[in-house]
Structure formats: C-alpha cells, structure tokens
Amino acid sequence: MSVPSRENLVLLSGNEAVARGAFEAGVKVASAYPGTPSTEILENFANYEGVYAEWAPNEKVAVEVAIGASMAGVRALSTMKHVGVNVAADPIFTVSYTGVRGGLVIVAADDPEMHSSQNEQDSRHYAVAAKIPMLEPSDSAEALAFTRLAFELSERFDTPFFLRSTTRIAHAKGAVKLGLPVVPPVVPGIVRDPAKWVMLPMNAKRRHVLVEERTQALVEYAETSGINRVEPGSRELGIVTGGVAYQYVKDAFPEASVLKLGMAWPLPEKLIRDFASTVDRLVVVEELDPHIEQHVKALGLEAQGKDLIPICGELDPKIVREGITGVKTALRAPETVPGRPPNLCPGCPHRGLFFVLNKLKAVVSGDIGCYTLAALPPLNGMDLCVCMGASIGAAHGIEKALGKEAHGKVVAVIGDSTFLHSGITGLIDIVYNRGNSTVIILDNHITAMTGAQENPSTGKTLQGEKTHEIDFVALCRAIGVEHVYPVNPHDMAATEEVLRREIAREAPSVVITQAPCVLLPDHRRRVKHVYEVLPDLCVGCKACSKLGCPAIEWVPFTPEDAALAGKKPTQQGMTRINPLMCDGCNQCPPLCKFKAIVGKKS
Amino acid sequence: MTSGNIFLAGVGGQGTLLASELLSEAFLHSGYDVKKSDVHGMAQRGGAVTTHIRFGARVYSPLIEAGTADLLIAFEKMEALRFVHFLAPGGVVVANTQEIQPPSVLRGIEPYPADVEARLRAAAGRVYLVDALSAALALKEVRAVNVALVGAASHFLPLPAEAYEDALRLRLPPKILDVNLAAFRAGRELPASQGGTA
Ligand code: SF4
Ligand code: SF4
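In order, the protein sequences belong to chains A and B. Using this note's numbering, the first residue of the first sequence is number 1, and each one after it goes up by one. Using this note's numbering, the first residue of the second sequence is number 603, and each one after it goes up by one.
Just so you know, these hints were derived from the structure itself, not from any lab. Please note: incorrect hints may appear among the correct ones.
Covered, in the sense of this in silico footprint (three residues per stretch, anywhere, with C-beta under 8 Å from a C-beta of chain B), are these stretches of chain A [what the hints assert, rightly or not]:
| # | stretch |
| --- | --- |
| 1 | 167-175 |
| 2 | 232-239 |
| 3 | 328-337 |
| 4 | 376-389 |
| 5 | 558-565 |
Glycine included, C-beta positions come from ideal geometry on N, C-alpha and C.
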C-alpha cells in the first residue's frame, strides 16, 4: 500500500483502492486465484490487520470459500481476472439464487487490449446472464467508494455483487481519500435456513422468483440512487458511458452532456430515456462489447455506438474524439525500430526445457504461464495454448485423435500452479482413459507470471505462513501415473535423455522439471557463477544465440573489424555475455563446440 | 506549467515503475491531481514498458494521447525513439544512453539502429542523452539508474528538487535511501553536461 500523506490523500491503483474499500467495508474473508490485472487486490488486502486472505487453487474454489463466509454472516470478497470468471461460473450462477448473509462481492477484472490475456471477453455479460448486479468504477477513488457500496447493497438486496474493473482501472493510480473501517450490521454465526441455502429444485424455483423481484428493486435503485448520474452539458451531443471510458469522454468532449453509468447492470431505463430526450445526438461510448448500446437501442431509442467506437481493444481520448467527430488528427508516424517483445528471464529454467523440446521436435500442447513466452522465437516452443489447465486434456485429445501417428511426438507442458488450478483433472483423465501422453510439470516453485505468488506446492500461504507443501511425485503416483521422473532443466543433456525415453513410452508419464524461478529472493541472493565468452575462441556460429537468453548479445563485425580482431574475414560477428544480466544458469556453455563460454565466480 | 503529461519508456526490469511512482507521489504531495498508468504482467520480462503520468488541477484520462507529452523519459536509448511520437511539439526528451538489445538484435537478425541519436534530434527539438548507467555504477548500485534518470528529468518539471527527495524518503526503506538520494543528485547534474538545463 502507498504511504499515507496529508489529509489521508494517497495515490492508489484501482486494485489497491478495492483492497482498501474491502477493508473499510469490514470484509473478513477473501479468496482468489492470481490473475493479471486482478492480482494485487488480494496481495494488498492481505496486509490489513484482522483479515483472512488466501490464494485458492482456482477461481471456482475461491468463490465457494466466499459463499461459505457470507453464509456465516461475514463480509467476503473474491477476485479474479475475466477468464477466471469462466472457471468460477458454476457457483456464481447459483449464488445469485441463494443470495447472501454477509455481503459478497466478486471482482471481475477485464483486460481490454489483452495486455496479458488470451482473449478479450467482456464480463458485463456475466452480470446479465447470472442476474447479478454489477458496479463499474471509473477510477481509483470510485474503486474504493464502489467497493464499500457494493457490500452494503449486497446485504440490502440479498444478492452477490459484481465489481467490474479493467486493466486501466486496476493498474492506473489516482488520488484517493481514505475512510474509516465500518462494523458490518450482520452478526457472524450460523443461521440455519435450508430453503435459502440448499438449492434443491423446489427451493431454487422459489428463489428464482425472488431473483426476478430483486432485479426490479435494483432497477429502481439504479434509476434514483445517484450511482448513475447526469452531467448536463450542451444539447448537441449526449454521451452514455461508464468505467474508464467516462474519463476519455470527459477529456475528448468537455462540453458534452454525459450520462455516467456507475452500475453496469441492471440499467436504468427511465434515466436513459430522460437523458436521451435532452440531447439531439445520442452516442454510447463503452469499451469492448455493445452492452449499454444494445440496451439503449432495445428501448427504441436512436443511438450510435459501435458504428463509431471500436469493439476491439482499449479506448483512449483520441479514439473517442475521432470516432465521434469523424475527423482524424494528423500525427507524426511512429519511428520503426526493432520490436521488443517480452522474453523469458536470463537464467530461466524453462528455457532449458524448451530448448530440448525444440531439439526433439516435440508437438507441444502448452498452457498459461511464463512458459507461454517460449512460444516466441527462437524457442518456438508451443503448438497450442487455450486456457488454464487445457494443455493436458488437449494433448490427450491429440493422441486419441491420431493414435499411433501422434504417439511419441506430443507432450503437455504446465506450470506447478496451473497444474493444481485445473491441470490435475486432465491428468486423471489420461490415466483413467488409458492415454499415454507425457505431461511435463514445470515446477519453478512459484506462480511466476503474475508476479511470484505462493501456491499449494510452495509451502507458504499468501500471508507468508509455513504450510504443507504438495509433493508432485507422490501426487501423480496417487492418481495412478506409474512413471514420474523429476529432472533439473538446467542440465539439458539429462533432461533430453529422460524426455526421449518418456515420450516414447506406451503409458502415461510425468516429467517434473525442478528449478526455482530466478525472480525468487533466495535465488537472487545466492552466490553465482557469471559466464563470459572468450573473444579469441568465439567463431560467431550463433549456436548459443538459439537459446534466446537476454544476456547473450550479438556484436556484429565488418570484414575490416574481423581482420583487426584476427578473425576470418567471413565472420560476421561474435557473441558477448552481458555480465549485468547473466544469471549463471550454465545452460549456454555446453552449446558452444568451441569451448568459448566459461564461468567465473562473480 | 500547471498541468502536463510525462511519458516514461523503458525495458522490463529497469525500474521504470519505481521512477513513475516517485514522480507521481512528488506531484500529489505538491498539491496536484495525478493519474498514472502502466501495464504490469509482462513487466519483469524484458518487454517494452511504458508509464503515462498526467498532472494538473483535475485529471480525467489516465492515458496520454500521442502528440501531447511534455516530457519523454526513456530508460533505454532505442525506447526513446519508439515512443517519440508521443511528444508534443516543443517537448523534451531525456534519454539514457544505455543500450539493451531486443531479441532480434541479440540473435543478429537485425542490427541495433546506429542512428538513434540523429533520428531523435530530428524528431524532437530538445533532446538530452544522459549516461545514467555510469552514474549509478559510480555509486556501486546498478539498480539506481532509474532514480538518476528522474534526477536528470527533474529539471524539466515544475517541482523543486526537495519534492522528489521527499518522495524518495516516503517510498524507500532506509537501507537503500542514501544511495538513491545520491543517485538523484548525480542525475540532476547530467543534463548540464549535455549543453544546458530548462
Ligand atoms: S560463443 Fe560459441 S556457440 Fe556462441 S557464437 Fe561463439 S562460438 Fe558459437
Ligand atoms: S549462463 Fe548463459 S544462458 Fe544462463 S543466464 Fe548466463 S548467459 Fe544466459
């Protein structure tokens, strides 16, 4: 959390503000699975005193924990990224029917522009489909205020609430005034009420009626409460908007009339009609799907929206201005320079594994994590990647589809955290259905992609306490995999030998690559060898460059340079290891036939 | 300057995030409304990283529009060029001379552009190339490059040096505060040697 300054005015990210809002609302239990851009909510919330916060193995479990806490009369929070909502959808659709006791808020953090996601889905559809009301803040200050409000409303209307955020809300920082924590009105404790909490068909039928009545009550709230507000301006242009798009509208059209929707669902019919009647031209500005636009048009109102504003990607003031005015501003074209995509870190243990898989020409069914970056050149290490946990099922599918033709070629790769999130069921499927795929668990002992979160295999909880550490070898054996082999991925020769053998095996097998993520503090603090290229020995063959390690740089030569350096005139350059970057993983020395790469104690 | 846009560009792992925090806090504590936006996720992994900072009496959009940045601070030389179109006419570039090869250059597929400086000067009127890496290495703290750059850039912003130093004191644990204060001050000397200050 940021350091408080004068008058409790601090600079908070949307995620920090949601965490603060939950704390101020008296939330006692929070459960989540990390996922960009939502991760920092729980990390920050966990720092407050007197709260319980945990990483669950996946989003479905996280929501189930929050439901239990709510039933026990405690305010509860569950956070996830948009694709996590898909995983949690099963309990979400039914908790809509049970309602709550303690306030229950589910944060869905969307990622327009897919800064770090595999799709661009719009979570507002879940609010409509699950009949769960949704608030949508437009900056950090509202993120705090709306979080507090969502808990109050959750209890008042007996419903879980969604809070929708997007990357630009979650990770942008803005000034926020801190408030004081409240004591929630609900008294913790078990209150038995099976007609409300046990969703047998006969109970669920009655609850569905209540859900529909609740929605009507929420529409009334949306019409009158001020959560949706009109900012009067010129008659010429009226804009309906919400979320971060509101900010872009205010910059692009300071003169326009604006209907700012703080509640993304249900929408206020009368308010929208009244607003529309005060303006000559009605435009809906929203990121991603035409959710508001469709509703506005369903009211029979004439409005523009996605015909002017793109459906793909993030907006900004320029896109909004140009979309609505139709006038493009001429700008200097961007300079062309070499691209700079993200890359596996120097010393990353995954690099060794993917180098070997590349050499073996394996068909790789990949998963979501840092190692997805191995799909980029030079490793080109992935042929398929769909969603968390999908690698294993997909590999099994390829083998079943092609039979002998695929055998001995296909592997699934999956991280430690992802395996526990939703990969384990895929492995059970392979064993149960007599597959013979090879599954590689990349155990770097942390949930690395989202910034190093603990998980059930790391031996530590979110709050840093020691806990049971899952033993992957024993776990895989218990599922019924007879062939389980841990390897050190930095030792590429040994890894290659084991993989060759296991990929050929006519039985399910699991290879576990065990080496810590280089971003872990203990790993960083160790005494390490740093490697260097001896310039006299390097012939510039680039064999080492094929690893793609960011520390291995290329120094091009002209023929004159080559002559001066005593090299063959045909040599076009040589490599150099950047000592500030090398992590001493020892993967590159064996690649150099000329023994030009040597290590020394740093 | 009562309002303005600062664009920060760097490479994952260079500490652009801390630099942007320092700048934003300095403005907030000096009475401005501030918004700052960056994207995490891939930030640790060597990709291009950008941060938008906007300050003023009231700030709406957390994003800077292309062509409207008053100051572009680049932590890596080529990244200055990649984002120079964000600069407003008359805007200032403060760029670190440090070069970090992107993957295609590492593998010798394309060269690191040799004419970065000339193209920067052609694209922007006021360009200060500063060697913040050497300044940090002289202090034996390579991670202080980012704070040295904040020092160099601070000349072109309306706050006094104390505002940034206070932000450093608020932000950093005592263990690393002194070396970062020294890096800030060393950085502040850098533009002068490049032919002048604001
Ligand atoms: S260090 Fe060895 S492998 Fe790398 S380019 Fe030089 S000779 Fe080839
Ligand atoms: S030892 Fe080689 S591969 Fe490993 S980090 Fe150093 S330069 Fe990169």
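Hint by hint, here is what the structure shows:
1. 167-175: Per the Cβ count (7), the hint holds.
2. 232-239: With 0 residues in contact (Cβ-Cβ under 8 Å with chain B), the coverage given for the stretch 232-239 of chain A is violated.
3. 328-337: n = 7 at 8 Å, threshold three: holds.
4. 376-389: holds (count 3)
5. 558-565: violated (count 0)
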